[in-house]
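Given only the sequences and the hints, what does the whole structure look like? Please build it.
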Amino acid sequence: MIILASVYEANSQTCCTGSAPITGSVSVSPIEANQWLINLSVDYNNISDLIQENVNTGDDYLSRTTTTLLLQGSYGFGKGFGVSVLIPFVQHSENITSLGDINTTRNAAVGDLAIFLQKAIAINTTSSFLFGAAIKLPSGSTQAKDQDDLFILPPTLQAGTGSTDYILMIRGQKSMAFRRSMLIQQSFTYRFNTLSTRFASHDNYQFGDEFYSISSIADQLVTGSIIHTPSLSLNIRYAGQNVIEQYVDPNSGGWWFNIRPGWGVNLTPKLNLSILYEVPMFRRLNGFQLTTSYKIIGVINIKI
Amino acid sequence: MQAKNRIQYLLLISVIIIGSCSKINQPEPSGNLLPPQTSLTGVIQDDFEGQSIVIYANSRYQTMVAFSRIAESGKTLDFHLSPNNFPFIFEDNEGTQWDIFGLAISGPGTGDKLIPVSYQVGFWFSFSSFFPKVTMYGEALNERLDTRFNSSEWLINPDDIKQGASRDGIPSINNPEFDLVVDLFDGSDGPYEDNELMVVIQEEASVKVFPHAILNWHEIVNDTINGVNVALSYCPLTGTSSIWNSQIGSQTLDFGVSGLLYNNNLILYDRNTESLWSQIINQSINGSLKNNIPKRENSVEMNWRGVKQLHKPTLLLSKNTGFSRRYDLYPYGDYRANSNLLFSITYTDDRLHPKERVLAVMIGDKAKVYQFEDFTN
Chain A
1 MIILASVYEA NSQTCCTGSA PITGSVSVSP IEANQWLINL SVDYNNISDL
51 IQENVNTGDD YLSRTTTTLL LQGSYGFGKG FGVSVLIPFV QHSENITSLG
101 DINTTRNAAV GDLAIFLQKA IAINTTSSFL FGAAIKLPSG STQAKDQDDL
151 FILPPTLQAG TGSTDYILMI RGQKSMAFRR SMLIQQSFTY RFNTLSTRFA
201 SHDNYQFGDE FYSISSIADQ LVTGSIIHTP SLSLNIRYAG QNVIEQYVDP
251 NSGGWWFNIR PGWGVNLTPK LNLSILYEVP MFRRLNGFQL TTSYKIIGVI
301 NIKI
Chain B
1 MQAKNRIQYL LLISVIIIGS CSKINQPEPS GNLLPPQTSL TGVIQDDFEG
51 QSIVIYANSR YQTMVAFSRI AESGKTLDFH LSPNNFPFIF EDNEGTQWDI
101 FGLAISGPGT GDKLIPVSYQ VGFWFSFSSF FPKVTMYGEA LNERLDTRFN
151 SSEWLINPDD IKQGASRDGI PSINNPEFDL VVDLFDGSDG PYEDNELMVV
201 IQEEASVKVF PHAILNWHEI VNDTINGVNV ALSYCPLTGT SSIWNSQIGS
251 QTLDFGVSGL LYNNNLILYD RNTESLWSQI INQSINGSLK NNIPKRENSV
301 EMNWRGVKQL HKPTLLLSKN TGFSRRYDLY PYGDYRANSN LLFSITYTDD
351 RLHPKERVLA VMIGDKAKVY QFEDFTN
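Keeping their order, the protein sequence lines are chains A and B.
Just so you know, this note's numbering puts the end of the first sequence at 304, numbered straight through with nothing missing.
Just so you know, this note's numbering puts the end of the second sequence at 377, numbered straight through with nothing missing.
Hints should not be assumed to be uniformly reliable.
What the hints assert, rightly or not - In silico negatives: residues of chain B with every beta carbon more than 10 angstroms from chain A:
id, residue
1, Gly42
2, Pro116
3, Ile161
4, Gly169
5, Leu184
6, Asn195
7, Glu204
8, Gly249
9, Arg271
10, Lys319
11, Pro331
12, Leu352
13, Asp365
What the hints assert, rightly or not - Pulled a few chain A residues facing chain B out of the computed Cβ check, cut under 8 angstroms:
id, residue
14, Asn54
15, Asp60
16, Leu62
17, Gln91
18, Asn107
19, Val110
20, Leu113
21, Asp146
22, Gln147
23, Ile152
24, Glu245
To be verified - Beta-carbon label-pair distances, calculated as ranges:
id, chain 1, residue 1, chain 2, residue 2, range
25, A, Leu40, B, Asn229, 51 to 57 angstroms
26, B, Asp183, A, Met281, 46 to 52 angstroms
27, A, Asp60, B, Asp78, 41 to 47 angstroms
28, B, Thr346, A, Val85, 38 to 44 angstroms
29, A, Leu195, B, Asn291, 39 to 45 angstroms
30, B, Asp159, A, Leu267, 26 to 32 angstroms
31, A, Phe282, B, Asn142, 53 to 59 angstroms
32, A, Leu195, B, Asp159, 31 to 37 angstroms
33, A, Thr194, B, Gln247, 36 to 42 angstroms
34, B, Ala337, A, Gly58, 27 to 33 angstroms
35, B, Pro313, A, Gly58, 29 to 35 angstroms
36, B, Asn282, A, Arg106, 31 to 37 angstroms
37, B, Asp159, A, Ile121, 52 to 58 angstroms
38, B, Ala337, A, Val110, 39 to 45 angstroms
In short, the hints are calculated from the structure, not lab data.
Even for Gly, the Cβ is constructed at its ideal location relative to N, Cα and C.
The structure is reproduced here in structure tokens:
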């Protein structure tokens, strides 16, 4: 079980909270009956690449960072059932350089709360599946204004999306016969986004649906009493186009193919730390977009 | 065996999901998407708000201009369509031939000039939202619906201003470069398609040309025309352009894109005082320069086919802007052809398609709109 949990935690699913681009990191792992699991993660998303379809224009006058502090509390009911509640705190910062001057816009607020239900099924001693469904509630702020408190910031700088969204996830994993500590896993996640009517600037705004595929491999190395878990994953993300007042935004959505190495450490059976670094390998986006240059994710898992 | 079947089922589901998500939309090529079905050319003489005006339209070149009938010489003239080819547009009652820039080129009045009235060409919804119950040509004058707003700080209601992007998120061009293009003629190849729209400015013996294809991505060009510092602005969402003399009092202003919109129309800011300026209202709406009115410089909208007919040395705004952009791609998808707006407007008028390209003469707080279909002579 330690092995299973370590791998899941090291490859925590990027998913489901806050405003677009997706910000939170949700750890999904089998939870034992009557067990509490606290997951605290910091997701630093550096968004500096101005991409025209699949070409990085190299322009550097515009950049944005999104730092998400995500607190996730999970509880296991037994028979593989578990529930998680996720509360994100999102900080956006946008820098625009014009004629040598840098103009910075910031916003920080509690993002959208999500509730996640999961069911784990052990196929045999080496394989298991986990199914999950979540609802993301429009609890985060969508009305944050600029520093002069005059105008509502664009949706990309808001902490919440203003919509109730639904997420379905399935994940399977198998340990390798030639080395039991080595695991491969595959997950698919689909997020159905609904209409937001809470952005005052846009009467109706809908972020495009999203699909994630994460394929990963991880192994365990033991040094003394500490278990190290190096991992490597290929993340494929698809996002549909945003719709603003029936206008389909041609500069939104597309395909992202990212690679994400990670390293986890089990300091004690109940305490796991991990860090992940995600970089794009290939992107095929719609139109012209500012998108992620790299991400760094740090995770602390505590079992109670 | 049971586990193997489950894995196969999962793989099948994933293939279906990936397949259903695989459509990637491409931006449409730039160009005017709403030309009239037939070529319409004509001249209208009209009276509006006590002014006698003359308007010329030519749908083949996608151009419309409006002048006072009182020339610079003080003569009040009668105009009809010039028998000569474009860029000649008027012949007056004295036999003088006038070109699209309002210059008397031949005949007894040679050297005289026409004075442009305050007008803009753009999408119908732009003018019908700024001027509720706007009068259309051929209709009786409407009573203007008074939506004026004025506070100590604002000339328009700030609650109706929307933030589409951050300040300078759309970068203005501040040191424009131009390519000299000569020997243009109808049918010749060029860097643009014939139906692509341009903002054209007469500069001594040549013309300066600013393609919408570049302006779509930058919206403002700070430049010098005939020795005068100017700010050329173009709003892709309302389809309107304007050229302002940058000199306000003792200050030469440098303009940028504020990211704010009013009725979807560009609000500029000046980097000197951070005052805000409405492009269509043609006035500072907030800040220390509130109420200041910039002097409009004369410009003409036409397509690349029209530019080629001018037969003048052409200084074409270079794609070497300092920014890496695909200027051959229109960044707003099918916006020019559909009926959707990105942001709500203060007044909706359904008499025309929202994106119908029209000319609006704006005098004081009133406006009158002319369509290509009005020009049938």
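Okay, the hints, checked on the actual structure:
no., hint, in the structure
1, Gly42, "holds (34 angstroms)"
2, Pro116, "holds (32 angstroms)"
3, Ile161, "violated (6 angstroms)"
4, Gly169, "violated (6 angstroms)"
5, Leu184, "holds (29 angstroms)"
6, Asn195, "holds (20 angstroms)"
7, Glu204, "holds (29 angstroms)"
8, Gly249, "holds (22 angstroms)"
9, Arg271, "violated (7 angstroms)"
10, Lys319, "holds (13 angstroms)"
11, Pro331, "violated (6 angstroms)"
12, Leu352, "holds (19 angstroms)"
13, Asp365, "holds (25 angstroms)"
14, Asn54, "violated (10 angstroms)"
15, Asp60, "violated (10 angstroms)"
16, Leu62, "holds (6 angstroms)"
17, Gln91, "violated (16 angstroms)"
18, Asn107, "violated (11 angstroms)"
19, Val110, "violated (22 angstroms)"
20, Leu113, "violated (26 angstroms)"
21, Asp146, "holds (7 angstroms)"
22, Gln147, "violated (11 angstroms)"
23, Ile152, "holds (6 angstroms)"
24, Glu245, "holds (6 angstroms)"
25, Leu40/A <-> Asn229/B: 51 to 57 angstroms, "holds (56 angstroms)"
26, Asp183/B <-> Met281/A: 46 to 52 angstroms, "holds (48 angstroms)"
27, Asp60/A <-> Asp78/B: 41 to 47 angstroms, "violated (58 angstroms)"
28, Thr346/B <-> Val85/A: 38 to 44 angstroms, "holds (42 angstroms)"
29, Leu195/A <-> Asn291/B: 39 to 45 angstroms, "holds (41 angstroms)"
30, Asp159/B <-> Leu267/A: 26 to 32 angstroms, "violated (54 angstroms)"
31, Phe282/A <-> Asn142/B: 53 to 59 angstroms, "holds (57 angstroms)"
32, Leu195/A <-> Asp159/B: 31 to 37 angstroms, "violated (23 angstroms)"
33, Thr194/A <-> Gln247/B: 36 to 42 angstroms, "violated (51 angstroms)"
34, Ala337/B <-> Gly58/A: 27 to 33 angstroms, "holds (32 angstroms)"
35, Pro313/B <-> Gly58/A: 29 to 35 angstroms, "holds (33 angstroms)"
36, Asn282/B <-> Arg106/A: 31 to 37 angstroms, "holds (34 angstroms)"
37, Asp159/B <-> Ile121/A: 52 to 58 angstroms, "holds (54 angstroms)"
38, Ala337/B <-> Val110/A: 39 to 45 angstroms, "holds (41 angstroms)"
Checked against the numbered hints above, the structure breaks hints 3, 4, 9, 11, 14, 15, 17, 18, 19, 20, 22, 27, 30, 32 and 33 and satisfies the rest.
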